[in-house]
Amino acid sequence: MAHVVVPKNRLNELLEGWMKNYRVVAPHRNGKALVFEEVKKASDVILNDEITYKSPKEYLFPQVEKIMTFGDGVEPESTEVRKTIVLGVKTCDLEALKVMTAVFTKGKYTDTYFEKNLNNTVLIGLGCRAEKPGCFCNARGLNKAHSQACDMFLTDSGDEYMAEILTCKGEELLEGLQLEEAPSPAAIPQDDNQAGVLEIDGEENVIFNKTDWASISEKCLGCGTCTFICPTCHCFEFKDTVLEGVPVRYRCWDSCMYPKFTIHASGHNPRASKKERYRQRIMHKYLYVKQNFGYTACTGCGRCIRSCPAGMNIKSVVTEIMENLKNS
Amino acid sequence: MNFEKQRNEIAAICNTLLGEGRVKVILGFTCGEYEGNAIPFFLRKREDVDKLKWDDTCTPNLARYLMEKKEGAAVIAKACDARAIVMYMAENQINRDNVYIIGVECEGMKDKDGMPAPGCRECRVKIPPVFDILVKNEETGKQNNIATDTSQNGEADLSEKLKRFQNEIKKCILCYSCRQACYGCYCESCFMDRNIPNWLSSELDTGSKMMFHLGRAMHLAGRCVECGACERVCPSGVDIRYLIKEITGFCEELYGYQAGVNANDIPALLSFKQNDREVGFVGGEEDGSCCGT
Chain A
1 MAHVVVPKNR LNELLEGWMK NYRVVAPHRN GKALVFEEVK KASDVILNDE
51 ITYKSPKEYL FPQVEKIMTF GDGVEPESTE VRKTIVLGVK TCDLEALKVM
101 TAVFTKGKYT DTYFEKNLNN TVLIGLGCRA EKPGCFCNAR GLNKAHSQAC
151 DMFLTDSGDE YMAEILTCKG EELLEGLQLE EAPSPAAIPQ DDNQAGVLEI
201 DGEENVIFNK TDWASISEKC LGCGTCTFIC PTCHCFEFKD TVLEGVPVRY
251 RCWDSCMYPK FTIHASGHNP RASKKERYRQ RIMHKYLYVK QNFGYTACTG
301 CGRCIRSCPA GMNIKSVVTE IMENLKNS
Chain B
1 MNFEKQRNEI AAICNTLLGE GRVKVILGFT CGEYEGNAIP FFLRKREDVD
51 KLKWDDTCTP NLARYLMEKK EGAAVIAKAC DARAIVMYMA ENQINRDNVY
101 IIGVECEGMK DKDGMPAPGC RECRVKIPPV FDILVKNEET GKQNNIATDT
151 SQNGEADLSE KLKRFQNEIK KCILCYSCRQ ACYGCYCESC FMDRNIPNWL
201 SSELDTGSKM MFHLGRAMHL AGRCVECGAC ERVCPSGVDI RYLIKEITGF
251 CEELYGYQAG VNANDIPALL SFKQNDREVG FVGGEEDGSC CGT
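Listed in order, the protein sequences are those of chains A and B. First residue of the first sequence? That's 1 in the numbering used here, and the numbers climb one at a time after it. First residue of the second sequence? That's 1 in the numbering used here, and the numbers climb one at a time after it.
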């Protein structure tokens, strides 16, 4: 599709126009932290190379989502989803949303809640110019400067953004704005990746049994922060509760790093210690999702590395696993 | 450089301990791969001593790991780590004879921005209250200043306090990192994880967040060793400790107990005296000076 030029001095005008019809979610500063939140003022939006501490996945897969009310004579609640623009999503997060979309919609069943959110969301990507400490998207084979897994992709080129329109949803946003077409689409900047793509490649059984998970996970505190801020973690649980006499069902994020995640009604817990739980996190990200959907569910955003209170580093862990595999 | 000197001393102690086979593992620090900050490190061989790090980024509280390594472990303990160990002893969680404590006098650590780390900012105890061997620091004040921190949070008005609290915890995402990093949160089953009864509503609302933070603060009454781990690990940057600090102040004022400073003291939550003051209790004495009541 087309490439157009969005001068930076017209960005605020664009945003204010969008805010009339959409909820606009973009990185903005909340205290010290940079977070994806609904913005009401165009000037609050921060589009730069910084990375938000949480991923924007919560706008497609909310941390707590009321999914139904039930009971005799209870009117089903309207399930209208607000049309949302998520602006300034980096390549790593776009790639992650590809994984999420596959998990929720490309399997045997379609998750209608996720799908509805997805259909009502316009994703606007933003190219990254430099890797931040902890980032390793390059090692995961991503091009930080470009992705097509969105509706519109912005590339910063000084005084203007080069906008690549990728879908009708993206096109709709720029309708009637009379933006100049880019003379010739700039060449896509390429990232060199000499080291080869970091992934786990091998027999599931061998990796499961031959890796020293106890020593790998020794430092882990089991806090689960990594799963909350991870752009691809998607495990959830259901909670039923009664609100003012009406039974309600919620879907909430859950975390494989918590002991309660796998506890059975009998009291038996198949993943009783952090060794098993950490193994699950790595195996799920690097193996199980790949087996089921064809993607490795780690995009190298580096959030878990930056936020881990114990200094766990998923990149080194995966490297170590692969080295052990080669040597054994 | 003081850190350099201390590091060498610690390294020599580790070498001896591991060389003589007196301990199986030493809990220490090494250089993290990300931004060079210190991360927890388990020394098992003499070669590991080369990787030992001791500088002003050694913030993690290592006492937490003792709960998994109750025997044959040595730990490099700053004053706050040692205070946590004192609490573990007082609460019958570890046996003093089974842990070797390399106490290190500490000048305070720095956070990622080079500012004094949470906990270190208002640190009152710089000399470990318990140790088997002490690594001194010439620059540390000669004595611990264990005077009660009476710098209350300013707001005397309860509704002001509530407003500040609610405003602060808005940022919380209920990931419970603070609980996991805290030395004192070692319950096998946390009240937050219970579903019979369910203490939290399912919504990620202020009520749930208040329930968690107030519940945790109450459980830490007179137990917080002011290491700042909860605040350092919070991914959302919530100022979690100010509430617990206030409770710590009440506890010192009312019951004269300071957590983890003296191994022979009985923790306030574990003792009862007939003349204990009961400010804030239902039917207890009414006293405007404490607890903002």
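To be clear, the hints were calculated from the coordinates, so they are not data collected in a lab. Any given hint could be a false lead.
Unchecked claim - For lysine to aspartate or glutamate, the following EDC-like pairs were computed, each having C-alpha atoms within a straight-line distance of at most 16 Å: (1) A:Lys132 <-> B:Glu9; (2) B:Lys112 <-> B:Glu33; (3) A:Lys66 <-> B:Asp111; (4) B:Lys171 <-> A:Glu115; (5) A:Lys260 <-> B:Asp113; (6) A:Lys32 <-> B:Asp205; (7) A:Lys32 <-> B:Asp113; (8) A:Lys274 <-> B:Glu188; (9) B:Lys112 <-> B:Glu203; (10) B:Lys170 <-> A:Glu37; (11) B:Lys170 <-> A:Glu38; (12) A:Lys239 <-> B:Asp205; (13) A:Lys32 <-> B:Glu168; (14) A:Lys239 <-> B:Glu91; (15) A:Lys83 <-> A:Glu115; (16) A:Lys239 <-> B:Glu203; (17) B:Lys136 <-> B:Glu9.
Unchecked claim - Which residues of chain A face chain B? A partial, calculated answer using Cβ under 10 Å: (18) Val4; (19) Pro7; (20) Arg10; (21) Lys54; (22) Thr241; (23) Cys252; (24) Cys256; (25) Met257; (26) Thr262; (27) Arg306.
It should be emphasised that the depicted structure is a prediction, and the values quoted were computed from it without experimental measurement. We treat Cβ as the ideally placed atom computed from N, Cα and C, and that holds for glycine.
Looking back at the numbered hints, which does the structure fail to meet, lowest number first? When the structure is compared with the hints, numbers 1, 3, 4, 5, 6, 9, 14, 18, 19, 20, 24 and 26 turn out to be violated.
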